[in-house]
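2 protein chains.
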Amino acid sequence: MSGGGVGRVKTQRVVLFDRDAPLELESGVSLAPVQVAYETYGSLDADGANAVLVCHALTGDAHAAGHHGNPSRRGWWDTIIGPGRPLDTDRFFIICPNLLGGCSGTTGPSSVDPATGRAYGLGFPLLTVRDLVAVHRALLSHLGITHVHAAIGGSLGGMQALQWALDHPGEVERAVMICASARLSAQNIAFTAVTRAAILSDPDFQDGNYLDGPSRPARGLSLARKVGHITYLSEESMRRKFDRSRRDGAFAPMSMASDFEVEHYLDHQGESFVERFDALSYLYLTRLMDYFEPFSGDRPDLAGASTRFVAISFDSDWRFGSEHSRAIVAELERCAAKARHVEVASPWGHDSFLLDLEEYHRVVAEALGEDVRARAPAPMGRR
Amino acid sequence: MSGGGVGRVKTQRVVLFDRDAPLELESGVSLAPVQVAYETYGSLDADGANAVLVCHALTGDAHAAGHHGNPSRRGWWDTIIGPGRPLDTDRFFIICPNLLGGCSGTTGPSSVDPATGRAYGLGFPLLTVRDLVAVHRALLSHLGITHVHAAIGGSLGGMQALQWALDHPGEVERAVMICASARLSAQNIAFTAVTRAAILSDPDFQDGNYLDGPSRPARGLSLARKVGHITYLSEESMRRKFDRSRRDGAFAPMSMASDFEVEHYLDHQGESFVERFDALSYLYLTRLMDYFEPFSGDRPDLAGASTRFVAISFDSDWRFGSEHSRAIVAELERCAAKARHVEVASPWGHDSFLLDLEEYHRVVAEALGEDVRARAPAPMGRR
Chain A
1 MSGGGVGRVK TQRVVLFDRD APLELESGVS LAPVQVAYET YGSLDADGAN AVLVCHALTG
61 DAHAAGHHGN PSRRGWWDTI IGPGRPLDTD RFFIICPNLL GGCSGTTGPS SVDPATGRAY
121 GLGFPLLTVR DLVAVHRALL SHLGITHVHA AIGGSLGGMQ ALQWALDHPG EVERAVMICA
181 SARLSAQNIA FTAVTRAAIL SDPDFQDGNY LDGPSRPARG LSLARKVGHI TYLSEESMRR
241 KFDRSRRDGA FAPMSMASDF EVEHYLDHQG ESFVERFDAL SYLYLTRLMD YFEPFSGDRP
301 DLAGASTRFV AISFDSDWRF GSEHSRAIVA ELERCAAKAR HVEVASPWGH DSFLLDLEEY
361 HRVVAEALGE DVRARAPAPM GRR
Chain B
1 MSGGGVGRVK TQRVVLFDRD APLELESGVS LAPVQVAYET YGSLDADGAN AVLVCHALTG
61 DAHAAGHHGN PSRRGWWDTI IGPGRPLDTD RFFIICPNLL GGCSGTTGPS SVDPATGRAY
121 GLGFPLLTVR DLVAVHRALL SHLGITHVHA AIGGSLGGMQ ALQWALDHPG EVERAVMICA
181 SARLSAQNIA FTAVTRAAIL SDPDFQDGNY LDGPSRPARG LSLARKVGHI TYLSEESMRR
241 KFDRSRRDGA FAPMSMASDF EVEHYLDHQG ESFVERFDAL SYLYLTRLMD YFEPFSGDRP
301 DLAGASTRFV AISFDSDWRF GSEHSRAIVA ELERCAAKAR HVEVASPWGH DSFLLDLEEY
361 HRVVAEALGE DVRARAPAPM GRR
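Keeping their order, the protein sequence lines are chains A and B.
Read left to right, the first sequence gives residues 1 to 383 (the numbering used here).
Read left to right, the second sequence gives residues 1 to 383 (the numbering used here).
Pulled out of the complex, with its shape left as it was, chain A reads as follows (with noise of 0.2 Å):
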């Protein structure tokens, strides 16, 4: 095993439906053209069954591993992908797609609309978790593989994960749902919603007809952001990083601006986070979450499938807890399927999926099979 993970790698893009042969949304809706970002660590085995499928989560992108040109710049689960990782490149072949509905690449509001020539804004179709699932699949048939080893991923991930084992369980062997929900709660869709009231609300959004001019609505989109960063740390993740910490010290003047550092922290999510995302995108990809119940209509029967999921949650996450994983489970079973429920202790709250962390990232590798290749010790100094 290398200290060094996965190399330079590149961010590939094909178009995988077209006006000929359009996706299908589930709203009924069809659209074209839809290009997919994507990006591969490892390689794939002869019988093309060491296949994982990374899915990301709400802001992610195909970036998941390696580097483009520096390597202290890394992908964003460049901890858990690579040789002798969790995630496995001596052992997987690993593809993460950018999402339908994202701005890294893939087909999203921001794209533009044939049909007018301009950027989708608002025209762009609702969108849901199903049909996130079935670009995956059309990216894995064009790239010759027609069932996976896995499918894994966090928040949002998980639930494509969960998805599409539920519809296709027989090509999906493990579906790995890290931090997940299968159902929302009134108090996460409030959340969320607040995030895209402040995006709808910031005039620069012009009812997302901004695309074409000037100005993007980052005031909302850095607020969204702020927001949506308390929800991912646990309060107590937040009381150890900084406590009542104030930049100029405790006995500064008191001020209107930032002072406290959980509020500069907040202040540089923000700022970066409207460098790299786009708002629209937020609004779709929100928006899918929350509507998301796969387990709201009639159950599948799972009793003959090979399919094993496992659920991983932390203890300190309160955006998508333990509960929301132990209901992932309760209706898995229901479905007679092979469900189980693992509950990792972190103090990071929900964005200890993204962690280098020891007990989580044994869980993980144990999830994707470890029984089967024992993993080298990790060397001193690298945790």
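Mixed in with the good hints there might be a few duds.
To be verified - Some, not all, of what chain B presents toward chain A, calculated at C-beta under 7 Å:
(1) G123
(2) L126
(3) Q187
(4) A190
(5) A218
(6) R219
(7) I230
(8) M238
(9) R246
(10) D248
(11) M254
(12) V262
(13) Y291
What the hints assert, rightly or not - Computed far set for chain B versus chain A, every beta-carbon distance over 10 Å:
(14) S72
(15) L266
(16) V329
If you're looking for bench data, these hints aren't it; they were derived computationally from the structure.
Don't be surprised by glycine CBs; every beta carbon is placed ideally from N, CA and C.
Following the hints, put chain B in place on chain A, whose structure we already have.
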């Protein structure tokens, strides 16, 4: 006991500080004039010993009980104040002033600065809880009251009762602090920070100079209120009230607009709030809560004080939950004060302090010295 509560009341106004004798703020800034709006219920005993000061919370006002002409529109704490109620107007003379920095008759950032003839805006000085208490004390002095049977309030209201009793224990026989905090957590501050960011980033805020113009930062203030409201309700409370109900039913098409009942509820809260509250007051009053930390300096010795401190919390409150009340009592005990904490079971979160909850009202009555005069049982049907 009458089921009718306090009858028709009128908000009174008095100027307590003027240019010749300005209010000296803790920051060293002088403020004049300072007008205070207040209401009173009940009668002051001849010995002046039955006064109870009610301190309101962030968005409250002087109109705590009774009505202003329409008996169906009653004060914000009407269920707890009245003949035979825990704040028994047959027994107590109850005073409720609008806070310094507020926007309902007491001087605040939307008041006219005599130096400029225009609204203060962000030129208004930053305040501390001690400043709010200084104005309360001046009002009581104006009313001929030298000490009170009790000072009581919820949330920011409890902070005032606490600060007053710490600084002047001889003036406060009982300090009743309901779901208060003596030290906001990083998460608490993060939430107030995003509500302020919502206001400050609204173009209609115009650096606080909107008061002489035609527009108000309604979008920002509405958004602030929505975020605040999420923290006032518990997750359980939102689940019971709304769960995932959709206004147009479970089979209506998805929508980017408000659809879930919890969204409509937040919209309503935001819209009605901007009709009655000022964005600048919101900024100033949230900010003084962030800085409030009465036990951070030298510890007062309260061994000889007769003041009885009672901290009341609600088990589902996640804004200022029981850990905040326990911390207050722990600090008070280090000051050798007579302090106790009572946790009340309620599923309704922080908002519980405004609700008509039997056990809560019993605890408040007891904190006010229920033992002194037994209450008649509540008639059936009132609760």
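Reported absence of L266/B from the contact zone with chain A (all CB gaps over 10 Å): Check fails; 6 Å does not lie beyond 10 Å.
Going by Cβ atoms only, is Y291/B closer than 7 Å to chain A? Given a least distance of 5 Å, the restraint on Y291/B holds.
Identify whether the interface hint at D248/B stands, where standing means a beta carbon of chain A within less than 7 Å of its own. Violated. Min distance 13 Å.
Hold the hint about R219/B up to the distance rule: shortest CB distance to chain A must be less than 7 Å. Holds, about 4 Å.
Given a cut of 7 Å on the nearest C-beta pair, is the interface hint for Q187/B held or broken against chain A? holds, 4 Å
M238/B as an interface hint toward chain A, with CB separation required under 7 Å: holds, 4 Å
Under the criterion of a CB-CB separation shorter than 7 Å, is V262/B in contact with chain A as hinted? holds, 4 Å
Tell me if A218/B is really an interface residue toward chain A, meaning its C-beta lies closer than 7 Å to one of theirs. Violated: closest Cβ of chain A sits about 9 Å from A218/B, beyond 7 Å.
Against chain A, is M254/B within 7 Å by beta-carbon distance? holds, 5 Å
Min Cβ distance, R246/B to chain A: is it shorter than 7 Å? Hint violated; R246/B Cβ to chain A Cβ min 9 Å, cut 7 Å.
Regarding the assertion that V329/B does not contact chain A, is the least Cβ-Cβ distance greater than 10 Å? holds, 20 Å
Holds or violated: the hint that I230/B contacts chain A, with Cβ atoms closer than 7 Å. holds, 5 Å
This entry does not satisfy hints 1, 5, 9, 10, 15, going by the numbered hints stated previously.
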